[in-house]
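K.L.:
Residue strings, one per chain:
There are 2 protein chains.
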Amino acid sequence: MCSVIRRTQPVRLALALCLRANCHGSSYALTDIRHFSPGLSTSVSPLRAALRAYCTRMARIEGLLFRQLFDRDSCTYTYLLADTDTKEAVLIDPVLETLGRDVKLIEELGLKLKMGVNTHCHADHVTSTGQMKKQLVDMKSVICVHSGAKADIHVKEGDKISFGRHSLEVRETPGHTDGCMTLVTGDQSMAFTGDALLIRGCGRTDFQQGCSKKLYNSIHGKIFTLPDSCLVYPAHDYRGQTASTVGEERKYNPRLTKTLDEFVDIMKNLNLPKPEKIDIAVPANMVCGVH
Amino acid sequence: MCSVIRRTQPVRLALALCLRANCHGSSYALTDIRHFSPGLSTSVSPLRAALRAYCTRMARIEGLLFRQLFDRDSCTYTYLLADTDTKEAVLIDPVLETLGRDVKLIEELGLKLKMGVNTHCHADHVTSTGQMKKQLVDMKSVICVHSGAKADIHVKEGDKISFGRHSLEVRETPGHTDGCMTLVTGDQSMAFTGDALLIRGCGRTDFQQGCSKKLYNSIHGKIFTLPDSCLVYPAHDYRGQTASTVGEERKYNPRLTKTLDEFVDIMKNLNLPKPEKIDIAVPANMVCGVH
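Protein chains in written order, with our numbering: chain X, 3 to 293; chain W, 3 to 293.
Bear in mind the hints are in silico, worked out from the structure with no lab data behind them.
All values reported here derive from a predicted model rather than from experimental measurement.
Careful: at least some of the hints might be erroneous.
[Stated by the list, open to error] Dumping the calculated EDC-like pairs for lysine to aspartate or glutamate here, alpha-carbon to alpha-carbon at most 20 Å:
id, chain 1, residue 1, chain 2, residue 2
1, X, LYS89, W, GLU250
2, X, LYS253, W, GLU110
3, W, LYS114, X, GLU250
4, W, LYS253, X, GLU109
5, W, LYS89, X, ASP230
6, X, LYS114, W, GLU110
7, W, LYS253, X, GLU110
8, X, LYS106, W, GLU250
9, X, LYS260, W, GLU110
10, W, LYS89, X, GLU250
[Said to hold, decoys possible] A few chain X residues facing chain W, derived, Cβ under 8 Å:
id, residue
11, LYS114
12, GLU171
13, THR244
[As the list claims (entries may be wrong)] Every beta carbon over 10 Å from chain W, so not counted as near; a handful from chain X, in silico:
id, residue
14, VAL105
15, ASP140
16, VAL147
17, GLY212
18, CYS213
19, HIS238
20, GLN243
21, HIS293
Glycine is no exception: its CB is placed at the ideal position from the N, C-alpha and C atoms.
Using the sequences provided together with the hints, build the complete structure.
P.N.:
In structure tokens form, the structure reads like this:
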């Protein structure tokens with residue numbers, strides 16, 4: 003893509019650079035572009051689309067603080083996102099055992115945590131959202147309306163979780179549980195896929211409201227329709243992989259590259275042990291981890 | 003920074019956007035800028051400096067593939083960096099136990115691994131560089147000349163480790179061992195600090211050629227002189243933190259914020275157990291992990 007831009011003529015280059023600024027999240031409008039070339043009336047759609055693809059590949063949003071955190075026991079990833087100007091922040095899938103670490107980091111970075119979001123009602127660990135609210139009093143807990151769990155805010159398909167100038171789009175991706183959701187940044191450069199899509203894997207479907215067919219359709223319909231360059235940040239990884247992309251998973255995921263019937267068959271025969279903490283975690287997570 | 007640019011006049015905006023493109027690593031030169039405004043003869047230094055600061059804060063380099071990987075047993079981070087166009091890649095601190103995962107990923111991503119670099123002769127795990135060379139035959143092993151270890155390429159202060167259009171600058175940061183080095187991207191947006199600077203910690207100094215005074219001076223002289231926004235990627239983290247910044251560590255590192263004398267005293271009294279694998283790992287790592 004880059005080499006294409008380099009070969010364009012000056013006005014086109016100016017246009018391209020302005021659009022690049024725009025898709026990084028700043029507010030250059032077409033009026034700005036016309037400063038370079040008054041009366042310019044080109045159709046910008048193809049260039050905008052191309053530049054958008056380029057920008058999403060970079061997957062770095064202007065003014066977004068991003069930090070990935072890991073709980074080594076449950077192999078859970080927690081994600082901290084914040085607006086670097088307003089300091090408003092969102093924490094995705096925080097774990098009870100790492101509460102102290104996470105609160106300390108939020109305080110050191112001078113952030114105002116608006117929301118603690120659970121991508122679903124976890125079965126393998128207890129969420130820290132309930133306990134965290136006691137320490138960070140402006141924080142609200144968030145979960146999908148279809149989870150059946152209590153929270154301050156219930157979200158559904160198409161809702162936007164906003165923090166400063168940024169937001170996360172809610173895409174319902176049931177199948178691991180009924181209330182699973184994937185959160186996508188405004189520029190579609192990052193997707194927080196919870197336990198729906200994992201790196202070279204996916205969430206199991208043999209407990210809670212698990213349904214392999216639903217999961218397959220959720221991933222193909224709501225995640226694999228994102229740009230190939232979109233970074234995939236799952237709720238877990240057990241092999242030390244921190245991120246993937248939609249393109250990689252579409253090509254190399256050993257389960258999701260199969261047909262629906264083959265996928266259902268694979269999921270039926272995983273024979274996984276029952277999660278150790280399920281009897282504690284699920285009831286606790288129905289009430290933000292606070293018994 | 004962004005709002006400042008927005009208020010500039012058209013030519014300045016063009017200039018700013020070109021410089022932004024430039025500091026993201028693409029090859030727009032000042033000749034490109036002059037297409038917008040022939041005869042432009044402004045001094046670009048202040049704008050370039052400001053844009054550079056902005057870009058490093060974003061810490062995403064155009065055309066750079068970056069992947070962080072984790073070994074859960076030794077809590078080692080391995081880093082894969084590649085040029086997205088030429089596909090030339092460098093792997094930093096790969097671990098023997100994750101050899102299969104790493105080779106598979108490199109192959110899936112279609113990369114040509116040029117170099118496997120060890121930031122030092124590790125005491126807690128065996129490097130995979132020797133074994134990896136048997137599978138990826140064009141790969142060379144790299145280590146600092148002061149490590150005393152064998153490798154295909156020995157590097158020293160100021161050397162550049164190049165892959166495609168990108169490179170890593172070698173900064174010698176002894177103290178944990180004599181041969182420790184920190185690798186810094188060309189735009190100083192990312193530093194791979196090995197076992198010198200860890201997140202809110204640092205490497206121990208009580209074995210191999212450990213020297214607290216050297217380590218303190220290395221970190222203050224070679225890492226804390228980088229921009230505050232520079233992301234810190236260490237060789238290990240034991241608390242699930244994946245990255246920090248130079249600014250954060252300058253402000254919150256509980257050891258490095260102390261005076262030299264206090265630091266030496268802290269390091270003298272850590273009373274850490276001997277690393278389990280040291281008697282196997284150090285002799286193995288003197289020869290790329292291949293006995």
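K.L.:
Hint by hint, say whether it matches the structure.
P.N.:
Results of checking the hints against the structure:
no. : hint                   : result
1   : LYS89(X) to GLU250(W)  : holds (16 Å)
2   : LYS253(X) to GLU110(W) : holds (9 Å)
3   : LYS114(W) to GLU250(X) : holds (17 Å)
4   : LYS253(W) to GLU109(X) : holds (13 Å)
5   : LYS89(W) to ASP230(X)  : holds (18 Å)
6   : LYS114(X) to GLU110(W) : violated (40 Å)
7   : LYS253(W) to GLU110(X) : holds (9 Å)
8   : LYS106(X) to GLU250(W) : holds (12 Å)
9   : LYS260(X) to GLU110(W) : holds (18 Å)
10  : LYS89(W) to GLU250(X)  : holds (16 Å)
11  : LYS114                 : violated (18 Å)
12  : GLU171                 : violated (21 Å)
13  : THR244                 : holds (5 Å)
14  : VAL105                 : holds (13 Å)
15  : ASP140                 : holds (23 Å)
16  : VAL147                 : holds (30 Å)
17  : GLY212                 : holds (26 Å)
18  : CYS213                 : holds (29 Å)
19  : HIS238                 : holds (12 Å)
20  : GLN243                 : violated (6 Å)
21  : HIS293                 : holds (25 Å)
Going through the hint list in order, the structure does not satisfy hints 6, 11, 12, 20.
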